[in-house]
Structures are given as C-alpha cells and as structure tokens.
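Protein chains in written order, with this note's numbering: chain A, 19 to 596; chain B, 920 to 987.
Hint data in this document are derived by calculation from the structure and do not stem from the laboratory.
Mixed in with the good hints there might be a few duds.
Computed spacing ranges between beta-carbons, pair by pair [as the list claims (entries may be wrong)]:
1) L930(B) / T428(A): 54 to 62 Å
2) A259(A) / G946(B): 23 to 31 Å
3) G964(B) / G44(A): 48 to 56 Å
4) W510(A) / L930(B): 44 to 52 Å
5) K536(A) / K974(B): 32 to 40 Å
Simulated coverage check for chain B against chain A, where a stretch passes if three residues somewhere in it have a Cβ under 8 Å from a Cβ of chain A [to be verified]:
6) 954-963
7) 969-982
Glycine is no exception: its CB is placed at the ideal position from the N, C-alpha and C atoms.
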Amino acid sequence: MGIFKVHPSLWFFLGAFLLYLLPHRGRGILRISVALLSFFSLLRPWEWEGITARIFGLELSFGQVDKLSLVFGYVFVIIAFGGFLYSLHVKEKGEHFWAMFYAGSALGVVFSGDLVSLYLFWELMAISAVFLIWSNKTPEALKAGYRYLLIHLFGGALLLSGILLHFYETGSLSFSGVLEKTGLGRSLILVSFMLNAAVPPLHAWLPDAYPEASPTGAIYLTAYTTKSAVYVLLRAFPGEAILTWFGAIMALYGVVWAIIQNDIRRLLSYHIVSQVGYMVAGVGIGTSLSMSGSAAHAFTHILYKALLFMGTGSVIYATGRRLMTDLQGRGLFKLLPWAFFPYMVGAFSISSVPFFSGFISKPMIVEACKEEGHLIPYLLLHLASIGTWLCTAFKLPYYTWFGNKKEESTLAVSPIPMSMKAGMIFLSFLCILLGLWPSLLYRVLPYPFEFHPYDKKHLIESLQLLSSSALSVWLFINYLEPSDKIILDCDWFYRKGALLFFNLCGRIYGLRTILQEKMKEVVSFFELLSLNPFELKRIIRQEESLSPYHPNRYRLPVGIGVFIFTIVFFIMVLLLII
Amino acid sequence: MKRLLLGLTILSGILGIWMREKELIYGWEKLGFFEVVFGFLGCMGLIFLSEFLGKFFLSRRRSYYGDF
Chain A
19 MGIFKVHPSL
29 WFFLGAFLLY
39 LLPHRGRGIL
49 RISVALLSFF
59 SLLRPWEWEG
69 ITARIFGLEL
79 SFGQVDKLSL
89 VFGYVFVIIA
99 FGGFLYSLHV
109 KEKGEHFWAM
119 FYAGSALGVV
129 FSGDLVSLYL
139 FWELMAISAV
149 FLIWSNKTPE
159 ALKAGYRYLL
169 IHLFGGALLL
179 SGILLHFYET
189 GSLSFSGVLE
199 KTGLGRSLIL
209 VSFMLNAAVP
219 PLHAWLPDAY
229 PEASPTGAIY
239 LTAYTTKSAV
249 YVLLRAFPGE
259 AILTWFGAIM
269 ALYGVVWAII
279 QNDIRRLLSY
289 HIVSQVGYMV
299 AGVGIGTSLS
309 MSGSAAHAFT
319 HILYKALLFM
329 GTGSVIYATG
339 RRLMTDLQGR
349 GLFKLLPWAF
359 FPYMVGAFSI
369 SSVPFFSGFI
379 SKPMIVEACK
389 EEGHLIPYLL
399 LHLASIGTWL
409 CTAFKLPYYT
419 WFGNKKEEST
429 LAVSPIPMSM
439 KAGMIFLSFL
449 CILLGLWPSL
459 LYRVLPYPFE
469 FHPYDKKHLI
479 ESLQLLSSSA
489 LSVWLFINYL
499 EPSDKIILDC
509 DWFYRKGALL
519 FFNLCGRIYG
529 LRTILQEKMK
539 EVVSFFELLS
549 LNPFELKRII
559 RQEESLSPYH
569 PNRYRLPVGI
579 GVFIFTIVFF
589 IMVLLLII
Chain B
920 MKRLLLGLTI
930 LSGILGIWMR
940 EKELIYGWEK
950 LGFFEVVFGF
960 LGCMGLIFLS
970 EFLGKFFLSR
980 RRSYYGDF
C-alpha cells in the first residue's frame with residue numbers, strides 16, 4: 019500500500035495546489051478525497067513514521083507518531099472532512115486553498131519531532147489562518163486579519179527566540195517529550211504556546227478575528243490553532259502547575275465575556291477561550307486522567323464547536339445578520355429550523371449534557387482537578403460549565419431563533435445549501451455517537467486512566483447542575499437581553515494603544531519640526547550677523563533692509579577693536595612669561 | 920417551563936440526597952444537593968456579574984475603535 023506512505027499533511031498541501039487545475043465540482047471531489055486519503059494514512063502510521071529531511075544542514079523530523087499525536091491527527095482530519103463537506107457549495111478557490119494549507123500545517127505541527135519543523139508549520143498555520151480570515155473580503159475582516167497577523171507574528175518571534183535560546187542552553191532541538199527545565203528559552207516557548215492557546219491576557223486575537231471570517235472559513239479556524247497549542251502544551255509542559263490556574267481563570271473569563279456579547283459568533287469565540295481553559299487546566303494538573311481529559315476534550319470540542327459555528331454560520335449565510343439584536347423576535351425558528359437543531363446538538367455537547375459528546379470529556383478534567391485537591395480551580399471550572407450552559411443553550415438560541423420582541427417585519431432568508439446541511443448532520447451524528455459510545459474515543463487516548471462518565475454519581479450531579487441553572491436562567495432571562503454595543507477586552511491595549519502610540523509619534527515628530535524651525539532661525543540669525551555685525555539691532559528687530567558691510571565705513575572702529583585686542587593679548591602673554 | 924424546571928430541580932435534589940455516596944472528597948458533597956444550590960446561585964451570580972461588568976465598565980458604542 020505505497021500510497022499511504024505519504025505523510026497525512028502532504029495530501030493537503032498537494033491537494034491545495036491541484037485545486038486550481040479543476041472545475042468547481044472536481045474541486046469538491048478532490049477535497050473530500052484528500053481528507054479521506056489523509057485519514058487512511060493516519061490509520062497506517064507505520065508507513066510514514068520517522069520521515070526526516072535534511073534542510074540547511076539540519077535533520078528535521080516530520081513523522082513523530084505516538085498515541086498523543088495520533089488522537090489530534092484523527093480529529094484534525096475529521097474536522098477537515100466536515101468543513102469540506104459544509105463548504106462544498108463555495109466557489110471561492112482561495113478559501114479552499116488556504117483551508118487545505120491550514121489543515122496540512124496543523125497536521126505538520128502535530129507530527130513534528132523537532133522544534134525547527136514545529137516552528138515552520140506553526141508559522142505556516144498562522145499565515146494560512148490570516149488568508150482564511152481575509153477570504154471573507156469585508157473591511158472588518160481585512161482589519162481583523164492584520165491584527166491577527168501582528169499578534170501571531172509576535173507569537174512566532176517569541177517561539178523562535180525561545181527555540182534559539184533553548185538550543186543554546188541545552189544543545190537539543192528535539193520535541194519528542196517534556197522540555198527540560200532550563201531558563202528563558204523554555205519560558206519563551208511556553209508563552210508562545212499560551213498565546214496560541216488564547217490564554218488571557220493573550221487571548222483577544224481570537225474573539226476579534228474568528229467572527230470576521232466567512233461562515234465556512236470560520237469552521238477551520240475554530241479547530242486548528244488553539245487545539246494544536248493544547249497538543250504542544252500536552253507534549254512539552256505536562257504538570258506545569260501555573261497552567262492549572264491559568265486554565266481555570268481562562269474558563270471563567272471566557273464565559274463572563276461571552277454572556278454580554280451581541281454578535282453570535284463572537285459569543286461562541288469566547289466559549290472557545292473558555293473550553294480551551296479546561297484543556298489547559300488539564301495539562302497543568304498533569305495526571306493521566308487530566309491529560310487524557312485534555313486530549314479527549316480537544317477532540318470533542320473540535321467537533322461540537324465546529325457544529326456550533328456551522329449552525330450560526332448558516333444563520334449568517336441565510337439572513338446576512340450576525341447580531342442578536344437584529345435577529346431576535348423575527349420568527350427565525352420557523353424559517354431556519356435546519357440551523358437550529360444541529361446548533362442545539364452542539365450546545366448540549368458543549369454544556370456537557372448526558373448522551374452528548376462533551377459529557378464524556380469535560381468531567382474527566384473537572385474530576386481530576388477535584389481528585390488532586392485543587393479546590394479553587396475546581397470551583398472555577400465548575401462555575402464556568404454553568405456559564406457555558408446558560409449562554410450556548412439559552413441566551414444565544416433564545417435571542418437568535420426566538421426572542422422577546424415581536425417584530426412585524428419578517429426576514430428575507432436565503433435557502434441553506436444541501437452541503438451545509440450535510441456538514442451539520444455529519445458533526446451532529448459524531449457528537450451524539452461519542453456521547454453514547456465513549457469507549458470509541460477513550461480507546462485512542464494517550465494515557466491510561468479509569469473514568470466512567472455514566473455512573474450514578476456523575477449523572478445525578480449533572481442533572482442537578484443543569485436543571486437548577488436552567489431554572490435560574492429561565493427566571494432571569496430578561497437580564498440577558500443583548501444590547502447593540504461592543505464589549506471591551508484586552509485588544510483595547512493594542513487597538514487604542516496603537517492609536518496612542520501614533521499620537522505620541524505625531525507629537526514627537528511635531529516637536530522635532532519645532533526644534534528644526536528654531537535651529538533654522540538661530541542659523542539664519544548668525545548668518546545675517548556674519549554679513550554685518552554692526553546691524554545687530556536691526557537683525558534682532560527683523561528689519562528687512564539691512565545695509566551690507568562696508569570696509570571703509572567701519573575701518574576705524576574695527577581697527578581700534580583689533581588694536582585693543584592686540585594690546586590685551588600682548589599683556590596676557592607677557593604676564594604668562596613672567 | 921418554569922414549573923417543569925423547578926420539578927426537575929427538586930427531583931434531582933431528592934435523587935442526590937437519596938443516592939449520595941460514602942466515599943466523598945469534600946464535605947459539602949455529603950449534603951447530596953450541593954450541585955442544586957451551586958447551579959442556581961452560580962448561574963444567578965454569573966448573570967449579574969457579567970451584566971454589571973458590561974453595563975458599567977465594558978460596553979462601548981459600535982464605532983468606538985474607528986479605523987483600528
């Protein structure tokens with residue numbers, strides 16, 4: 019089976035270039051085939067395991083295969099397939115090209131065996147993501163893409179600096195296991211990974227950029243960047259204690275900011291921050307259960323988050339509206355049930371409702387946190403799961419498909435293409451399948467653990483938490499009514515900060531101009547003075563008509579001056595000699 | 920809907936007390952209905968905390984960032 023000797027990411031890179039040779043229908047077949055071929059390559063990893071290449075004298079390893087890399091590889095290819103299915107109707111070649119490049123780069127990151135190849139794919143992933151954001155071709159997407167690029171170039175620079183320092187400190191470029199505790203190099207690598215995982219305060223790029231992508235392009239964005247960061251954290255920083263706290267705070271932070279959003283996809287973007295918080299906390303706790311929980315939650319999260327974005331993306335596609343204030347009360351449920359039901363499958367999955375995918379992964383991390391005695395992070399994670407439930411299963415669907423106000427005008431709704439429906443059905447099926455059959459996922463997880471999601475205790479606790487918080491939401495649903503405002507976040511520091519910086523530069527430039535003018539005046543004063551020192555008064559008064567220096571007229575005063583100077587000089591010399 | 924949710928909440932609380940386990944990590948778990956209280960109050964707290972932050976500190980008009 020020589021065909022499967024091809025590295026899974028290479029299928030995507032090859033497919034991206036072949037796209038341009040095919041007509042629309044052929045491109046769809048090609049993309050689906052690429053995802054399937056890549057998945058078959060993943061099922062036969064021994065065929066391409068250990069692939070290396072010598073570039074600039076460095077032996078780069080592209081085929082590091084173990085259970086950890088494979089579980090991320092599987093889900094990355096599955097979501098590529100789901101995304102390709104959902105976007106079959108899209109004729110924009112550029113978006114498909116960058117989506118394939120993005121998927122290929124993410125797979126490259128996952129199977130990198132050294133820090134240099136990791137860095138190359140890391141940067142390729144950032145560039146592909148920017149072009150995916152720009153594919154939406156709106157002014158907002160363009161601006162958000164630039165901001166995304168700047169932040170991720172900064173992150174890439176941190177990673178490169180960290181890699182160079184780490185190499186200087188340890189002499190190793192290996193990325194096969196835990197990074198040795200050394201100094202600054204390791205810390206810089208950790209910060210760059212945290213930036214891609216959207217750990218606050220380095221998270222604002224995510225809710226800023228993802229809602230600006232096209233309904234189809236956003237599906238890929240939700241899957242790769244943050245989850246590949248979770249993968250590298252799992253590989254290189256297991257048990258890094260600070261990550262438990264960062265993760266728990268992140269989970270709650272994302273939820274609090276999500277509750278007050280008006281843009282449906284921005285709300286969901288904050289839930290990516292929140293859900294990745296669970297995974298980061300799982301890495302920090304560092305037990306087999308918590309780290310398997312992180313990998314499992316990354317797997318389920320990629321599926322249900324893409325499904326949530328597909329549901330809301332369908333609303334945007336059909337109505338052209340993205341704000342709940344523009345959508346509520348317009349009877350959207352009757353017009354778009356096809357977007358509502360898959361969305362709710364995603365909402366139940368993210369909220370960890372029994373028999374949906376999130377229920378088999380999120381409690382693994384929360385339980386591990388409890389078992390290890392991290393009381394406050396445990397309570398924060400627990401609280402965040404309530405916020406997820408209230409926001410994704412109540413606020414967003416209520417104010418999008420239903421709502422308080424009864425508007426007279428109905429929305430003009432475009433029909434949802436068959437491909438979008440197929441993508442949503444596929445992911446809904448997977449979310450329910452994993453919820454009903456947890457061992458399907460558990461058997462591919464990287465670390466040994468024992469956890470039974472459907473035991474009596476978990477089920478009752480889950481029922482208590484979900485029903486009581488649902489009651490609370492229902493009583494206070496009117497307080498959740500969205501308002502037509504934007505919500506500030508840490509991007510304020512570089513968006514308004516950039517403005518302040520430009521203003522400061524303008525002022526410094528103004529100061530330079532003023533100084534230059536003043537110096538010009540001083541030079542011009544001395545220039546005039548040198549022409550005729552006797553006109554000093556008139557020069558100071560800035561009179562226009564200055565008489566030129568006339569040697570005969572000033573011969574006597576100049577001669578006397580020179581004579582006096584000569585006498586004084588002579589006396590001084592005499593005194594010095596004596 | 921409110922009655923249904925209230926009924927479910929009470930039922931889950933009764934189930935929790937009835938079927939509570941002996942091997943527990945934290946003391947509050949012995950109550951059997953901790954999640955009911957935590958869920959209800961936690962949810963209420965999150966709604967009011969977020970709305971408070973949004974209303975008084977974080978909300979701005981849509982054109983706030985201008986070209987940036």
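For each hint, the structure was consulted:
Distance hint check for L930(B) and T428(A): the Cβ-Cβ separation is about 40 Å, which falls outside the suggested range of 54 to 62 Å. Between A259(A) and G946(B) the Cβ separation comes to about 25 Å, which falls inside the hinted range of 23 to 31 Å. For the pair G964(B) and G44(A), the supplied restraint of 48 to 56 Å holds, since their beta-carbon distance comes to about 55 Å. A hinted range of 44 to 52 Å holds for the C-beta pair W510(A) and L930(B), which are about 46 Å apart.
Checked against the hint of 32 to 40 Å, the pair K536(A) and K974(B) fails, with Cβ atoms roughly 50 Å apart. By the rule of at least three residues with a Cβ nearer than 8 Å to a Cβ of chain A, the coverage given for the segment 954-963 of chain B holds, with 10 such residues. For a cut-off of 8 Å, the count of residues in the segment 969-982 of chain B with a CB near a CB of chain A stands at 10, and the three-residue condition holds.
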